[in-house]
Amino acid sequence: MIPEIGEYSLILALVLSVFLAFIPMVGAARGDVFLMSFARPLAKSLFLFLLISMICLGYAFATDDFSVRYVAGNSNSALPIYFKLSAIWGGHEGSLLLWVFILSGWIFAVAVKSDGLPMDMMARVLSVLGMVGVGFISFTLITSSPFERLLLNTPAEGADLNPLLQDIGLIIHPPLLYMGYVGFSVAFAFAIAALLSGKLDVAWSRWTRPWTNVSWAFLTIGITLGSWWAYYELGWGGWWFWDPVENASFMPWLMGTALVHSLAVTEKRGLFKSWTLLLAIFTFSLSLLGTFLVRSGVLTSVHSFAADPERGLYILVLLAITVGGSLLLYAIKAYDVKSESDFDLCSRETLLLVNNVLLVIMCSMVLIGTLYPLVVDAMDAGKISVGPPYFNALFVPFSLILVFFMGIGILLRWKKSSPQRMFKQLLPSLVLAVICGIAAAYIFNNEMAFKATLALVLSFWVIFSLLTDAYSKVSNKKDKLSSLSKLPKSYWAMQIAHLGVVVSLVGVALVATYSEERDIRMVPGDTVTLGDYKFEFKGAKALVGPNYKGDVGTIVVYKNQQFFAEMHPEKRLYLARGSMMTEADINAGVFADIFVALGEPLNDGAWAVRLQYKPFMRWVWFGGVLMMIAGLLTAFDRRYRIKKTLKTTFA
Amino acid sequence: MTPKRKKRLVLVLFVVFGAAIAVGLALFALNQNISLFFSPKQIMNGEAPVETRIRAGGMVVEGSVKRADNSLKTEFAITDYAEQVTVVFEGILPDLFREGQGIVAQGSLDKQGVFQAVEVLAKHDEKYMPPEVADALEKSGVSKTNEQSESSKDASTGAYQ
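Chains as they are written, first to last, in the numbering used here: chain A, 1092 to 1742; chain Y, 956 to 1116.
In case anyone wonders, no lab produced these hints; they're calculated from the structure. From a predicted model like this one, the values you see are computed outputs, not experimental measurements. Treat the hints with care, since some could be wrong.
[As the list claims (entries may be wrong)] With a straight-line cut-off of 25 Å between C-alpha atoms, the simulated DSS-like cross-links for lysine-lysine are:
id	chain 1	residue 1	chain 2	residue 2
1	Y	962	A	1506
2	A	1507	Y	961
3	Y	959	A	1424
4	Y	962	A	1429
5	A	1359	A	1568
6	Y	961	A	1506
7	A	1359	A	1542
8	Y	1028	A	1629
9	Y	1028	A	1359
10	A	1507	Y	959
11	A	1650	A	1640
12	A	1580	A	1204
13	A	1515	A	1580
14	A	1429	Y	1028
15	A	1507	Y	962
16	A	1564	A	1515
17	A	1580	A	1359
18	A	1506	Y	1028
19	Y	1028	Y	959
20	Y	1028	A	1625
21	A	1506	A	1625
22	Y	961	A	1429
23	A	1569	A	1290
24	A	1359	A	1577
25	A	1359	Y	996
26	Y	996	Y	959
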């Protein structure tokens, strides 16, 4: 009974989203206030019904209702309750339900928070979001309803959740990632509304910016968590694979980063308007492309996709409609949206343009590398794979160039900076950065690999620019510290976000250059030395868990002859599916991670063991956390709330 | 030309130039870094280049896995049920590596026709068959789904034993 209620709510949500897509839009076109006023109630009830749908599916999982095909395929009565609930998004159908649920959550948030918006803008934005809803709710219902029943031969036990996904990382990673992905639909809706009305003023960018920054923050933390999860759960200590699934979320992030910067120019200077609109369209299109890549099965094989094209084709059509429709609208209407002012070559605008161009190029590189094998395969020209060397060869130089320009851009003024002043400010920090960077690289490791040293120099370069800029903000004030604390939140967000980039850069550079790794056969009593660390294998013994059995090894680690840690990597056999899992043991530290994992048992009590020393590993993700904090912080900046307080004082 | 237009022209040129370099670099890097897939049959027919980074895949032949006593060196054979190729790998094999499982190996062929693998991939789902392997099997007349092929698979594995 409950699953049917879920299905009906989903159908009702589809009907509501169809109304939302049409009624307010027609109202906005005719200037009919009555029709436009439908937007908010429709948006809120859309959220309500999708919430009911989610709760019903959650209930089916919690009560082990294996008559529901999706529950039978992705759960098991032996699973702990939190894994049962997170199994809602453990498979294709539930992931899609989560996708549309989060979409409705964003729609709800826009409906609640849109008090200050002009009526027609609010109606158009919600209407466009409603259209996206129609596309994806119908997709869920028609091709992949999670509520489908297996009434005739109900299995007694579920097939279990994939053991890889039985992890805290899976509980939080997909919802956060989707919050980001789907959140860009709001920026997209604002862009389409601006094109439809032909109005793009400062107010528009002030409404759009917080939404975009918050989605960007969610996507940032989603990607960061994904990397962290892959690191400890896939078992072998890799943290970025340039896998198509990772690229699917990384492309919207790169484009979204460009959008965040371009929106800043649009808000502050009324420039780059049509470019901002284009970026908003591209960012959301890449989110849809990501959904297509991950959800259509096209990655497993282009041919299996062609054999069972229903799912993939549906998203492909949605993608084509979105990209085609919005670009057509852009072509017709973008001319109405004119930029208001001009800027000098030596100005922050130029540097932000450089940022945008570089980010778009980097995104295109990832796009080419991701789609190329699919295109070749689709044309039957052979099976190729594009590996990490391609991505590294292109991505690393471009990101270093990007960071170099970041150091300049932070210091330049809007509209016009004097080149002399720029050189005067930059020269000392350049010299200092080179000295500090080389010194740091030398202290860390006297090999001084070129790329790592360059990355450290550039990190100091950006840090000095950040410090110089903060100082120049208060240099003419009396009480410097207190005026520093009075700087707006968005300024601090800018500082924190760029600091986050530096932290990640340091982490990536050092861990990629100086990691040490040994795969080795060890019998109990064997020792291996890796850098300053000595590993002693004490043997492995049997282990029994709630839904698995396996072996647990003991490895004692000494650092500089002193006891450092005792580590217990595991090898598990999950009984329901009979699948083997490697549970690595990681000793995480601020400056280095020690990573041990068991391979397979060999003869005479020996094991294949992987030992890894990964310097500055945590920094990669900590930078992502800083960027997320910064993205969220901007949304709380005072100037985005002014509208509301003004209204309340007049009321 | 007004100064404003001139500036715009400079910007546009800058963008076009940058994009052209970027695309050029991308295509160059792409050509350097793709690795082609070859089935055992193609390798035995001499279609695969020697000492070039390629991928090879197939089912691990039953009873072919030999481990060294004092290192992680492993030798095994992969087959598409038409031909088989010997693979040598030193390192930790993936959790799902076992005899009869479909795998893809990354590495290069040496002059003796032995595949020196640097990486062995078996996906984390025992029902999953690497798409290249499935395709190669299909081409050599074995399909992974219907019953008929099951028997022909038995026949072919039998032939090797």
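Hints, verified against the model:
At roughly 14 Å between alpha-carbon atoms, residue 962 of chain Y and residue 1506 of chain A fall within 25 Å of each other, so this suggested pair holds. With a CA separation close to 17 Å, the supplied pair residue 1507 of chain A and residue 961 of chain Y stays within the 25 Å bound. Straight-line distance between C-alpha atoms of residue 959 of chain Y and residue 1424 of chain A comes to about 24 Å, which keeps the hinted pair within the 25 Å bound. For the suggested pair residue 962 of chain Y and residue 1429 of chain A, the alpha carbons sit about 17 Å apart, so the restraint of at most 25 Å is met.
Taking the CA atoms of residue 1359 of chain A and residue 1568 of chain A, the gap is about 24 Å. The hint holds against a cut of 25 Å. For the given pair, residue 961 of chain Y sits about 17 Å from residue 1506 of chain A by alpha-carbon distance, which is consistent with the 25 Å threshold. A distance of roughly 36 Å separates the Cα atoms of residue 1359 of chain A and residue 1542 of chain A; the hinted pair therefore is violated under the 25 Å criterion. Taking the CA atoms of residue 1028 of chain Y and residue 1629 of chain A, the gap is about 22 Å. The hint holds against a cut of 25 Å.
Proximity of residue 1028 of chain Y to residue 1359 of chain A is assessed by CA-CA distance (about 62 Å); at most 25 Å being required, the pair is judged violated. Note on residue 1507 of chain A and residue 959 of chain Y: the hinted pairing holds, with a Cα-Cα distance of about 14 Å set against a maximum of 25 Å. Straight-line distance between C-alpha atoms of residue 1650 of chain A and residue 1640 of chain A comes to about 32 Å, which puts the hinted pair past the 25 Å bound. Distance hint between residue 1580 of chain A and residue 1204 of chain A is fulfilled; the C-alpha atoms sit about 20 Å from each other, no more than 25 Å.
The hinted pair formed by residue 1515 of chain A and residue 1580 of chain A fails the criterion: a straight-line CA distance of about 28 Å is larger than 25 Å. A distance of roughly 66 Å separates the Cα atoms of residue 1429 of chain A and residue 1028 of chain Y; the hinted pair therefore is violated under the 25 Å criterion. Proposed proximity of residue 1507 of chain A and residue 962 of chain Y is supported: the alpha carbons are some 14 Å apart, at most 25 Å. At roughly 16 Å between alpha-carbon atoms, residue 1564 of chain A and residue 1515 of chain A fall within 25 Å of each other, so this suggested pair holds.
A C-alpha spacing of about 15 Å is found between residue 1580 of chain A and residue 1359 of chain A, which places the hinted pair at or below 25 Å, so the restraint holds. Of the supplied pair hints, the one linking residue 1506 of chain A and residue 1028 of chain Y is violated, its CA atoms being roughly 64 Å apart against a limit of 25 Å. Between residue 1028 of chain Y and residue 959 of chain Y the CA atoms are separated by roughly 68 Å; this puts the pair beyond 25 Å, and the hint is violated. With a C-alpha separation of about 23 Å, the suggested pair residue 1028 of chain Y and residue 1625 of chain A falls inside the 25 Å cut-off, and the hint holds.
Between the alpha carbons of residue 1506 of chain A and residue 1625 of chain A the distance comes to roughly 58 Å, so the proposed pair goes past 25 Å and is violated. As the CA atoms of residue 961 of chain Y and residue 1429 of chain A are separated by approximately 19 Å, the hinted pair is consistent with the 25 Å bound. Taking the CA atoms of residue 1569 of chain A and residue 1290 of chain A, the gap is about 43 Å. The hint is violated against a cut of 25 Å. With a C-alpha separation of about 20 Å, the suggested pair residue 1359 of chain A and residue 1577 of chain A falls inside the 25 Å cut-off, and the hint holds.
For the hint pairing residue 1359 of chain A with residue 996 of chain Y, the CA-to-CA distance comes to about 63 Å; that exceeds 25 Å, so the pair is violated. A distance of roughly 64 Å separates the Cα atoms of residue 996 of chain Y and residue 959 of chain Y; the hinted pair therefore is violated under the 25 Å criterion.
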